Amino acid sequence: MTEIGKTATLPLAARPMGGVTPTLRVVSMVGVIAIISGIIAITSGGYWLSNFTQAYCMCLTLLGCALLYGQLGLVSLCQWALVGVGGWISLRVYHYIHPPFFITILAGGVGASAIGMIWGLPALRMRGLYLALVTLMLAGAFQVAITVTSFPVGGPGFLGQVGASGNDRVMMARPVFASSDTGYFLFVAFVTLLCFLLIELHRRTKPGRAWALIRKSEQMAMASGVKVVFYKAWAFALAGFIAGVAGALLAGLFGQLDASAFAPTDSIMIFIGMLLGGPNVWLGSFLGGLLTRFIPALLIDFNVNANVSLLFFGAALMQALTVAPEGIGGQLTGLAERIFNKFSARRAS
Amino acid sequence: MIKIESLTVQFGGVRPLDALDGEFRAPICGLIGPNGAGKTTLLNVLSGFVTPAKGAVHLDSVALRRLSPPRRVAAGLRRTFQQELVVDELSARENIQAIADHISASRRDAEEEIERALIFVELKGRENVLGRSLNLYERRMIEIGKTLIGKPKAILLDEPGAGLNDTETDRLRRILLQIPERFGAQLILIDHDADLIASVCVETMVLDFGKLLAFGPTRAVLDDPVVRRAYLGTA
Numbered sequence: 023m024t025e026i027g028k029t030a031t032l033p034l035a036a037r038p039m040g041g042v043t044p045t046l047r048v049v050s051m052v053g054v055i056a057i058i059s060g061i062i063a064i065t066s067g068g069y070w071l072s073n074f075t076q077a078y079c080m081c082l083t084l085l086g087c088a089l090l091y092g093q094l095g096l097v098s099l100c101q102w103a104l105v106g107v108g109g110w111i112s113l114r115v116y117h118y119i120h121p122p123f124f125i126t127i128l129a130g131g132v133g134a135s136a137i138g139m140i141w142g143l144p145a146l147r148m149r150g151l152y153l154a155l156v157t158l159m160l161a162g163a164f165q166v167a168i169t170v171t172s173f174p175v176g177g178p179g180f181l182g183q184v185g186a187s188g189n190d191r192v193m194m195a196r197p198v199f200a201s202s203d204t205g206y207f208l209f210v211a212f213v214t215l216l217c218f219l220l221i222e223l224h225r226r227t228k229p230g231r232a233w234a235l236i237r238k239s240e241q242m243a244m245a246s247g248v249k250v251v252f253y254k255a256w257a258f259a260l261a262g263f264i265a266g267v268a269g270a271l272l273a274g275l276f277g278q279l280d281a282s283a284f285a286p287t288d289s290i291m292i293f294i295g296m297l298l299g300g301p302n303v304w305l306g307s308f309l310g311g312l313l314t315r316f317i318p319a320l321l322i323d324f325n326v327n328a329n330v331s332l333l334f335f336g337a338a339l340m341q342a343l344t345v346a347p348e349g350i351g352g353q354l355t356g357l358a359e360r361i362f363n364k365f366s367a368r369r370a371s
Numbered sequence: 410m411i412k413i414e415s416l417t418v419q420f421g422g423v424r425p426l427d428a429l430d431g432e433f434r435a436p437i438c439g440l441i442g443p444n445g446a447g448k449t450t451l452l453n454v455l456s457g458f459v460t461p462a463k464g465a466v467h468l469d470s471v472a473l474r475r476l477s478p479p480r481r482v483a484a485g486l487r488r489t490f491q492q493e494l495v496v497d498e499l500s501a502r503e504n505i506q507a508i509a510d511h512i513s514a515s516r517r518d519a520e521e522e523i524e525r526a527l528i529f530v531e532l533k534g535r536e537n538v539l540g541r542s543l544n545l546y547e548r549r550m551i552e553i554g555k556t557l558i559g560k561p562k563a564i565l566l567d568e569p570g571a572g573l574n575d576t577e578t579d580r581l582r583r584i585l586l587q588i589p590e591r592f593g594a595q596l597i598l599i600d601h602d603a604d605l606i607a608s609v610c611v612e613t614m615v616l617d618f619g620k621l622l623a624f625g626p627t628r629a630v631l632d633d634p635v636v637r638r639a640y641l642g643t644a
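Chains as they are written, first to last, in this note's numbering: chain A, 23 to 371; chain B, 410 to 644.
It should be emphasised that the hints constitute simulated quantities derived from the structure, not laboratory data.
The structure presented is a predicted model; accordingly, all values stated were derived computationally and were not measured.
Quick reminder that beta carbons are idealized off the backbone N, C-alpha and C, glycines included.
A few of these clues could be false.
[Unchecked claim] In silico lysine-lysine, BS3-like type, Cα no more than 30 Å apart, as pairs: (1) B:562 / A:228; (2) B:562 / A:249; (3) A:249 / B:412; (4) A:228 / B:412; (5) B:533 / B:620; (6) B:412 / B:560; (7) A:228 / B:560.
[Said to hold, decoys possible] Residues on chain A that point at chain B, a partial pick, calculated with CB under 7 Å: (8) 219; (9) 223; (10) 224; (11) 228; (12) 231; (13) 234; (14) 238; (15) 244; (16) 246; (17) 247; (18) 249; (19) 281.
Could you build the full structure based on these sequences and the hints that come with them?
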């Protein structure tokens with residue numbers, strides 16, 4: 023006869039998350055994003071500031087992608103197209119009624135959320151490769167549509183186009199308090215932080231628990247009273263909202279958007295960036311987003327073709343998939359928690 | 410009380426359940442049979458994961474056939490699965506809270522029910538440990554704890570004792586015996602451990618190739634030579 027708890031026992035720990043409370047996790051999130059943003063704002067200008075602003079928008083896109091993959095195991099390859107949808111809607115709303123910038127951002131987010139959910143609904147009963155293919159085809163469909171119609175530039179009609187010369191283009195204005203490049207970057211950093219907090223709130227509450235059950239087993243989730251389709255749709259809507267906000271912020275950065283910037287292959291790059299960063303921790307989306315934009319920008323700065331970055335990402339992906347599936351963010355978070363645990367244990371003793 | 414009427418399940422040319430009739434009336438009932446007898450299929454029909462070709466199933470007076478799985482849960486049906494399905498990234502409490510989120514009448518009720526379930530399955534003090542750090546017995550207890558949330562009427566347990574050692578099985582037995590009285594729920598227990606079935610179940614149904622082989626008081630059923638030949642391999 024053996025003792026209770028001796029069957030297939032995994033290493034026990036009082037609090038394996040390292041005693042890290044949700045509050046501490048939020049504080050660390052605010053601290054890290056604030057410090058990194060502060061350093062960038064102080065040390066960067068011109069080219070790099072613009073690239074870091076774009077990188078933060080990329081972080082938001084990865085965040086939505088990580089929400090779907092990390093929480094539900096769903097591979098969505100249309101997140102970059104949803105950024106385009108958010109950008110289109112925010113430009114359309116801006117040129118139509120010139121609302122305050124926050125309303126423009128919300129319009130982009132809500133619009134992309136609705137479109138994301140409509141795109142996602144037929145795919146909600148799919149998983150894995152099939153879902154990836156369906157969402158990639160939707161991204162392709164968006165590129166075709168946006169190449170034909172382009173983004174609104176303040177012209178007449180629903181599509182808001184101007185003549186061939188383009189001299190009548192109206193640029194989307196940034197908010198008054200963030201009209202400078204540095205000011206706008208800090209504004210984007212603030213919105214990015216809010217979105218990260220929104221996702222963290224979801225992960226720690228009822229929807230996060232429902233998503234965890236669904237990812238473990240849809241049958242078990244249903245047997246636990248979870249309405250699986252509703253919670254999947256919720257995740258698609260939330261990921262779409264975040265992507266739409268990113269699109270509105272990009273529109274604000276450049277004043278307009280270019281159809282050629284929304285190729286479906288970019289959604290694949292975002293997925294790779296998400297895997298490199300780590301899908302299960304907030305830091306993964308943040309670092310993954312920065313890397314996805316920073317490496318090509320660095321190559322361009324050294325007069326090297328930015329496509330060389332594909333080699334880097336390919337090699338890094340192989341490394342991540344074989345030895346570090348938790349990604350860079352997951353590894354760093356694990357390290358930080360181990361250090362925190364050691365200090366806590368030492369203080370307790 | 411679970412009632413089954415002329416239940417037939419057809420998968421292509423295979424009939425995992427064939428015109429099955431029966432009424433589980435005792436507070437704890439066993440469901441046994443050799444591999445492929447149709448035990449898990451019956452649980453899947455009851456939970457709404459398999460649609461029968463014919464027949465009806467009732468929980469008390471509620472006809473379950475047209476209800477979705479979450480609505481069956483709302484009607485008071487709970488179940489566990491053959492393979493334990495505790496979420497590694499959630500703590501013991503959060504695993505139980507995940508079902509309370511959708512079933513309990515209010516947040517206050519949910520807190521009380523979670524607390525009661527944790528104490529009952531003897532996981533109080535371990536509630537903040539993540540699923541991945543719990544041993545198999547504790548994970549099985551979380552699964553049972555989940556079924557106790559929100560006034561269950563019937564709980565279907567699919568091999569809760571699988572992989573447990575003798576001490577743990579004894580403890581599981583003690584816990585199972587208390588559920589009907591403490592929580593007012595009927596237990597339907599599938600297990601290959603004949604001793605566990607004999608010591609816990611008042612009535613037992615035996616299936617063989619989707620057909621009812623025997624149904625009645627557990628001791629009499631287990632002593633039936635036909636059952637012994639088909640299930641236990643001895644006459």
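Tested hints:
no.	hint	in the structure
1	B:562 / A:228	holds, 24 Å
2	B:562 / A:249	holds, 20 Å
3	A:249 / B:412	holds, 26 Å
4	A:228 / B:412	violated, 34 Å
5	B:533 / B:620	violated, 42 Å
6	B:412 / B:560	holds, 20 Å
7	A:228 / B:560	holds, 20 Å
8	219	violated, 20 Å
9	223	violated, 15 Å
10	224	violated, 13 Å
11	228	holds, 4 Å
12	231	holds, 4 Å
13	234	holds, 5 Å
14	238	holds, 5 Å
15	244	holds, 4 Å
16	246	holds, 4 Å
17	247	holds, 4 Å
18	249	holds, 6 Å
19	281	violated, 40 Å
Taken one by one, the earlier hints fail for this structure at numbers 4, 5, 8, 9, 10 and 19, listed in ascending order.
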